[in-house]
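*Asks:* If you want the building blocks of each chain, they are given just below.
Number of protein chains: 2
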Amino acid sequence: MLKFNEDGLIPVVVQDAKTKEVLMLAYANKEALRKTFETGFAHYFSRSRKKLWMKGEESGNVQRVIEIRVDCDEDALLYIVEQKGVACHTGNYSCFFRKLEGIK
Amino acid sequence: MLKFNEDGLIPVVVQDAKTKEVLMLAYANKEALRKTFETGFAHYFSRSRKKLWMKGEESGNVQRVIEIRVDCDEDALLYIVEQKGVACHTGNYSCFFRKLEGIK
Numbered sequence: 004m005l006k007f008n009e010d011g012l013i014p015v016v017v018q019d020a021k022t023k024e025v026l027m028l029a030y031a032n033k034e035a036l037r038k039t040f041e042t043g044f045a046h047y048f049s050r051s052r053k054k055l056w057m058k059g060e061e062s063g064n065v066q067r068v069i070e071i072r073v074d075c076d077e078d079a080l081l082y083i084v085e086q087k088g089v090a091c092h093t094g095n096y097s098c099f100f101r102k103l104e105g106i107k
Numbered sequence: 004m005l006k007f008n009e010d011g012l013i014p015v016v017v018q019d020a021k022t023k024e025v026l027m028l029a030y031a032n033k034e035a036l037r038k039t040f041e042t043g044f045a046h047y048f049s050r051s052r053k054k055l056w057m058k059g060e061e062s063g064n065v066q067r068v069i070e071i072r073v074d075c076d077e078d079a080l081l082y083i084v085e086q087k088g089v090a091c092h093t094g095n096y097s098c099f100f101r102k103l104e105g106i107k
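Those protein sequences? They're chains B and E, same order as listed. Everything in the first sequence is counted per the working numbering, starting at 4 for the first residue and increasing by one. Everything in the second sequence is counted per the working numbering, starting at 4 for the first residue and increasing by one.
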């Protein structure tokens, strides 16, 4: 039984099927997950825009989902995807393109 | 500037430096992140036990952190680690050991 948080969301780690690079961390609600299963393309819930979105619906940078995994606690998901174009809105392939050097 | 959520936490994707497998998703507060930088070993904040913990402090399955990356929105981290033993308390190497076949 998947555990959605108090906002009805579950975090989704997104990994490139070929390079195994971690591309992004996003959130899904039940509808986004259902749409992902139905269509084979990654859907998420945008916390800022408060709506369901298909990744790449505007940019064309869609993610075909090869497999979905769930973690031991059933409170996190892993989408293993074929990324079209780039994953990050900055133009970088992965959203995790910067090294963190320290904390203040 | 890192964005911690209303509970003072930031999600951390943990990836194996050698295999590139995604091992787990955990949460850090500022102190956990500081300890991680100071010691070179992955520290997190346990939401269930409400305390800072060093991964492997009891099991011995520590994670030496090779690199920390931050995402474009600065609200998620990626620890790239050398995993000693296994990452999952179930005995599996990764917490994401199960495929999700559908949603009800």
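No lab work stands behind these hints, which were simulated from the structure alone. A hint or two may mislead.
A pair counts as met if it fits within one copy or between any two copies, since identical chains are not told apart.
Keeping only pairs whose Cα atoms sit at most 16 Å apart, straight-line, the calculated EDC-like set for lysine to aspartate or glutamate is [unchecked claim]:
1) K21 with D10
2) K53 with E34
3) K23 with E34
4) K33 with E104
*Asks:* How do K53 and E34 come out at 16 Å by Cα distance, when the copy is not named: within, between, both, or neither?
*Replies:* Only inside one copy: K53 and E34 sit 13 Å apart there, 30 Å across copies, limit 16 Å.
*Asks:* I want to check one pair: K23 and E34. Are their C-alpha atoms no more than 16 Å apart within a copy, between two copies, both, or neither?
*Replies:* For K23 and E34, the Cα distance exceeds 16 Å both inside one copy (26 Å) and across copies (30 Å).
*Asks:* Give the relationship of K33 and E104 under a CA distance limit of 16 Å: within one copy only, between copies only, both, or neither.
*Replies:* Between copies only: 14 Å across chains, 36 Å inside a chain, cut-off 16 Å.
*Asks:* At 16 Å max between alpha carbons, let me know whether K21 reaches D10 within a copy, between copies, both or neither.
*Replies:* Close neither inside one copy (32 Å) nor across copies (35 Å); limit 16 Å.
When each numbered hint is compared with the structure, violations occur for hints 1 and 3.
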